[in-house]
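Peer 1: The lines below spell out each chain.
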Amino acid sequence: MKTDQLFIKRMTTSWTQAIRILMMVLSGGGTPLVVGVLFILLSIAYSRFLVWLPKDFPIAVLVAIIISLPLSIVRIRTWIQKADLTFLLPLETKMRDYFKVSLYYNCATYLARLTLFLLILLPLYRLRFGTIKDFMAVLIAFCFLQVWNIIASWLEDRLQPFYSSRFIFTLFFIRLLITGWLSYITLIYVHAKISLVLLFFILTVLHTFFLWRIFSKAPRFPYPWILFAKREQKIQAKYVSLAGWFVDLPQVRFPVKERKWITWLLPKLIPQGKPFSYLYWRTFFRHSELFSIYLRILLLAILIIVFLPNFWVVFGTILLCIWLFGSQLPQITNPHRYPMFVQIYPIDPKERRTSFQKMCWILISLLSIILTLVASFTNLLLSQVLGIGITALLISFFFSNFYLPRKIEKRP
Amino acid sequence: MLSVQNLTGGYSRHQPVIHHISLNVQPSEIVGLIGVNGAGKSTTIKHILGLLTPHEGTIEVDRTTLQADPLHYRSSLAYIPEVPQFYEELTLWEHLELTARAYQLPKDIFKERAEFLLQAFRMKKATHWFPHTFSKGMQQKIMILCAFLIEPKLLIVDEPFIGLDPLAIQALLDLFLQRKKEGTAILMSTHILTMAEKYCDRFVLLHEGQVALSGTLPEMREQAGLPRATLEELFIQIAKDS
Numbered sequence: 001m002k003t004d005q006l007f008i009k010r011m012t013t014s015w016t017q018a019i020r021i022l023m024m025v026l027s028g029g030g031t032p033l034v035v036g037v038l039f040i041l042l043s044i045a046y047s048r049f050l051v052w053l054p055k056d057f058p059i060a061v062l063v064a065i066i067i068s069l070p071l072s073i074v075r076i077r078t079w080i081q082k083a084d085l086t087f088l089l090p091l092e093t094k095m096r097d098y099f100k101v102s103l104y105y106n107c108a109t110y111l112a113r114l115t116l117f118l119l120i121l122l123p124l125y126r127l128r129f130g131t132i133k134d135f136m137a138v139l140i141a142f143c144f145l146q147v148w149n150i151i152a153s154w155l156e157d158r159l160q161p162f163y164s165s166r167f168i169f170t171l172f173f174i175r176l177l178i179t180g181w182l183s184y185i186t187l188i189y190v191h192a193k194i195s196l197v198l199l200f201f202i203l204t205v206l207h208t209f210f211l212w213r214i215f216s217k218a219p220r221f222p223y224p225w226i227l228f229a230k231r232e233q234k235i236q237a238k239y240v241s242l243a244g245w246f247v248d249l250p251q252v253r254f255p256v257k258e259r260k261w262i263t264w265l266l267p268k269l270i271p272q273g274k275p276f277s278y279l280y281w282r283t284f285f286r287h288s289e290l291f292s293i294y295l296r297i298l299l300l301a302i303l304i305i306v307f308l309p310n311f312w313v314v315f316g317t318i319l320l321c322i323w324l325f326g327s328q329l330p331q332i333t334n335p336h337r338y339p340m341f342v343q344i345y346p347i348d349p350k351e352r353r354t355s356f357q358k359m360c361w362i363l364i365s366l367l368s369i370i371l372t373l374v375a376s377f378t379n380l381l382l383s384q385v386l387g388i389g390i391t392a393l394l395i396s397f398f399f400s401n402f403y404l405p406r407k408i409e410k411r412p
Numbered sequence: 001m002l003s004v005q006n007l008t009g010g011y012s013r014h015q016p017v018i019h020h021i022s023l024n025v026q027p028s029e030i031v032g033l034i035g036v037n038g039a040g041k042s043t044t045i046k047h048i049l050g051l052l053t054p055h056e057g058t059i060e061v062d063r064t065t066l067q068a069d070p071l072h073y074r075s076s077l078a079y080i081p082e083v084p085q086f087y088e089e090l091t092l093w094e095h096l097e098l099t100a101r102a103y104q105l106p107k108d109i110f111k112e113r114a115e116f117l118l119q120a121f122r123m124k125k126a127t128h129w130f131p132h133t134f135s136k137g138m139q140q141k142i143m144i145l146c147a148f149l150i151e152p153k154l155l156i157v158d159e160p161f162i163g164l165d166p167l168a169i170q171a172l173l174d175l176f177l178q179r180k181k182e183g184t185a186i187l188m189s190t191h192i193l194t195m196a197e198k199y200c201d202r203f204v205l206l207h208e209g210q211v212a213l214s215g216t217l218p219e220m221r222e223q224a225g226l227p228r229a230t231l232e233e234l235f236i237q238i239a240k241d242s
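Protein chains in written order, with full-length UniProt numbering: chain S, 1 to 412; chain F, 1 to 242.
Do not rely on the hints blindly, as some may be mistaken.
Simulated pairs of lysine-lysine, DSS-like, Cα-Cα distance not exceeding 25 angstroms [what the hints assert, rightly or not]:
| # | chain 1 | residue 1 | chain 2 | residue 2 |
| --- | --- | --- | --- | --- |
| 1 | S | 260 | F | 107 |
| 2 | S | 350 | F | 107 |
| 3 | F | 111 | S | 260 |
| 4 | S | 274 | F | 153 |
| 5 | S | 268 | F | 107 |
| 6 | F | 111 | S | 268 |
| 7 | F | 125 | S | 257 |
| 8 | S | 234 | F | 136 |
| 9 | S | 257 | F | 124 |
| 10 | S | 274 | F | 111 |
| 11 | S | 358 | F | 107 |
| 12 | S | 407 | S | 238 |
| 13 | S | 260 | F | 124 |
| 14 | F | 136 | S | 230 |
If you are wondering where the hints come from, they were derived from the structure by calculation, not from laboratory data.
Chain F extracted, bound-state conformation (with noise of 0.2 angstroms):
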């Protein structure tokens, strides 16, 4: 679903930040991308998403290119940022509306969808209200709530738990489960290890804008010829050897 190959990239073609980066998701499929700060994680997913334009390397979502289909390529993702990003002069019902029009969704389809998702996260009594007025948790609920509502092909999530009460993280950790048993391939960053360890497949441990390891935990294990150790271990010996 999606295919990384061989990026290098960043905001100035003199200084790239990410160098030969390779990645694959599979529909079904939770790959975890992880790394310490500035390793390169956001960067990857800002070129994924054509917010910044790849010096080398392809990247290819439902088996096309941003440049060869920009429409396919678009409406086969959905992002959720780490920061919640919102319209001043939207309300919550207003977000979901203008999202369920950027994709084109039917309108029942869209109701449907949305009073789900508006019960599943408890979002019901918000519905009308300008996201100024929410607190963190329930703006980041925004975010995910536009995302899961056009049940896109690829899902992109970038710390996705920051600011959310435990029946919102289960909530959402559900509707994970729930997408990938549909067949969505899942791209997520996070720094919470525990939780990326039972639940991503696959894992790409990003250092310094290189790969510096990937594939399940087993694999990864052997490449760091470290044949006990936890994810976290992984990641601290990783670190520390820069």
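The following block holds chain S by itself, in its conformation from the complex (with noise of 0.2 angstroms):
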């Protein structure tokens, strides 16, 4: 069996998946068109942004930190199945050329990733470091520590089965530093110092030697199996979870993030006498992606608001993102994710109807009074922030009220 004709098979097979769902999207209702108005409005804060910020501001350190973070966190997609634990195991020796290919695709997709953000980062570029000549330099050395990064990484996660967690954390940070210090350096001094750049070459080379030194004494198998399938669970929930914003899909078993400080703070914060409650709240926090969406939602609403202190864009991103959450919600209710328990609990069904409206009305009103407080710390009028304030709660309610439960019950 050729390992490799596997990969591409799956690889090929996964992207006409998302290709069709891409169009089942741009196809949808008003979807083209939010993502639109949402573009515009980034692109405005954007530009605003960068009338901002002021000269003495350190903005090569933030950009090195940032960048770094993307640089360094590879997650190097192999599509591996927890099934292939039992199916792939005996051509485990085999497998080299199956992840060969699998590092050409990382390769190429986070190298198409890394150039969309510096795309989106040349115009901070010109403004605070250097020429369009500059930035191709600064892409060519970023495309370099990217690949770096993705190799230090296979090498990592090759290196899980042998050795401890903290261990291999600790690697990891280290090449974290490395890349921030370098992204730093290629910001600040590429078209400057020949020196440093010897310097970027040198580190890279030296670190990838002292890891491969390290691998070279590990044993070559067993390859990081159930790393592999965790990981491909995951970035799989994640695609699914983002399309779920747009259209409804079948349903993909999502990891679950333990969170065990809600265990501790839950009780004290929310009301859950009520089964249903108690239930809900518990897989809203350890779902893996739904209360990550909500930091996420309210994070980007923050920067928006921000940097664009108008009556109308602060009013209408509230809306969206009271949307874009509440839509979210009702897959918590969803009984096909709980085991069937919860159909025979002697509990009355207004019950699970009322539970989950009042989770509803607490997450989105509360979203909705922390982007009205950030309103009401830019220029707009008392009376704006306090009508934008009034009327979001007004929709809040209407939505958690009437809205989703009618949704959960229409479901087939």
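Take the two lone chains, each set in its own frame, and fit them into one complex as the hints suggest.
Peer 2: Right, here's the structure in full:
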């Protein structure tokens, strides 16, 4: 069996599915409009930010930190599934080609992502760092850094079965520091000092050599199968969750994020005497994506409100947030995601609806209140802020108590 | 405690899987529901749990039907499934806490029973772990703990011994006997016939969706015309006859 062909087949199938979903998203209702509006708002906010940016602000440090995170945090996608632990394990010694193609694929996707990110950064670069010609050199240097990070990350993954997680994290942390520092050097000095360019190469080569030395002492097999399978599950859950904002997709098993601090915090924060309330709140916090989506939406909206403090922009942003987040919530009540016990508990079916309504109301109204408070610190008039706040709360109330409960009742 | 009369049902109205099944389980009694794979055991259990609607016949638990008093019906029974089914997002302790809330168990009673059960099944150290990290046997113990926590009037058990270690099997059997002594009616579906023969008071042997034999072991021997047969021999005889 040619294992590289297996990888290509899996990758092609996955991309075909992704393109199909993308087409569904693009052809559906107002989605392109919403994405377009969001894009325009973020572009305006970005240009405002460039105008506002003080000359003495240490932007190089900030950009180096921001860019070093996506450069270093590499999650090599392999399409390894749980069942492979049974069916592909006998082929382990022949999997070299499979993973080699996987590495090429990951290099291509990570470089495409990096290029996109750097193109977004281009206006800032031209304003504060250098010319277009310099930028091309920076782009090449960052691509080199990205490939180096992918190779190093692959070696770290391969070491997983033989070393403690603390040791692997230390390796990653060293790599993150080197990447952060080299990113800073690249941004500031790439067109000035040749000695630093040399240092750039020496450091990455030395690190790779150091990592290779550790790797060469470790056994060649086994591959970190469980790690790859879990990672694949997480990646799929993330994409499905993203697409779930726009279209209804079949259920995918989402990995659990334990978030043990919730166990301590939840009883203090939220009334949850009722069993469904107890279940739904824990699902919200521990379901791998929902809580992260809530925080991401909040952060994005805060950025837009801070940099575009216009009455209609703020109002529209809050409405968009209510819709974007609210449309994710009905999946919490889907009986298929729970064991059949939820169907045999001696509980009045109405309680399920009321517990869901209460949770939606708390989460969505809190979102509206936080964003209104952020708006109150901008140059908007008090009367405008009050108007936005009251309307947002009314819409949150309608959305939580009428629209969303009706949506779950209509579910087939 | 449980009375199933003339039950016909299945997943589709056009194609019933079980036909005219009647069985009873009295308080302080263990009834073994046995039969080959596909005989209709799980379908019968799903009907009793209220997950499927009978095409014909009645099911009463504690003298009421699901339609007449759903809350009383449901609060009278607990179920241990064959395949562990758990909430991914809840720890073991939270499973117990959720069950206690669903069945409105007072806090002090809940804590006392939970502590006892965790000790009995040696799950104390795993109290705050998430079940996806458990072995299959440990996952099955979650089902057992949740069912025994509420001390129901009727306990329905589907293949409870799969995946359990010998100590856990013994703990489970001890609990069955204890609950039986305290008046619980137990309907147990199992393929471990030696265990069923030892612990069950009566049996219902299903075959192709119908009751082939039922009663105590001597009664079933008489029905089959095999006066010295063991439960296993009766089982094999019925399966072969088809």
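Peer 1: All hints are to be evaluated individually against the structure, with a verdict given for each.
Peer 2: Hint check:
1. About 22 angstroms separates the Cα atoms of residue 260 of chain S and residue 107 of chain F, which keeps this hinted pair within 25 angstroms; it holds.
2. Of the pairs offered as hints, the one joining residue 350 of chain S and residue 107 of chain F holds, with about 24 angstroms between alpha carbons and a cut-off of 25 angstroms not exceeded.
3. Among the hinted pairs, residue 111 of chain F with residue 260 of chain S is consistent with the structure: their alpha-carbon atoms are about 21 angstroms apart, no more than 25 angstroms.
4. Our distance criterion of 25 angstroms between C-alpha atoms is met by residue 274 of chain S and residue 153 of chain F, whose separation comes to about 23 angstroms.
5. Only pairs whose Cα atoms come within 25 angstroms are accepted, and residue 268 of chain S paired with residue 107 of chain F is accepted, the gap being roughly 17 angstroms.
6. Restraint check for residue 111 of chain F and residue 268 of chain S: the C-alpha separation of about 19 angstroms stays at or below 25 angstroms, so the hint holds.
7. Distance restraint check for residue 125 of chain F and residue 257 of chain S: the Cα-Cα separation of roughly 20 angstroms lies within the 25 angstroms cut-off, and the hinted pair is therefore satisfied.
8. Pair hint residue 234 of chain S plus residue 136 of chain F holds up; C-alpha atoms about 23 angstroms apart against a cutoff of 25 angstroms.
9. A distance of roughly 22 angstroms separates the Cα atoms of residue 257 of chain S and residue 124 of chain F; the hinted pair therefore holds under the 25 angstroms criterion.
10. Between residue 274 of chain S and residue 111 of chain F the CA atoms are separated by roughly 18 angstroms; this keeps the pair inside 25 angstroms, and the hint holds.
11. Taking the CA atoms of residue 358 of chain S and residue 107 of chain F, the gap is about 24 angstroms. The hint holds against a cut of 25 angstroms.
12. Between residue 407 of chain S and residue 238 of chain S the alpha-carbon distance is near 23 angstroms, which keeps this suggested pair within the 25 angstroms criterion.
13. Restraint check for residue 260 of chain S and residue 124 of chain F: the C-alpha separation of about 18 angstroms stays at or below 25 angstroms, so the hint holds.
14. Proximity of residue 136 of chain F to residue 230 of chain S is assessed by CA-CA distance (about 19 angstroms); at most 25 angstroms being required, the pair is judged to hold.
When held up to the earlier numbered hints, the structure conflicts with none and fits them all.
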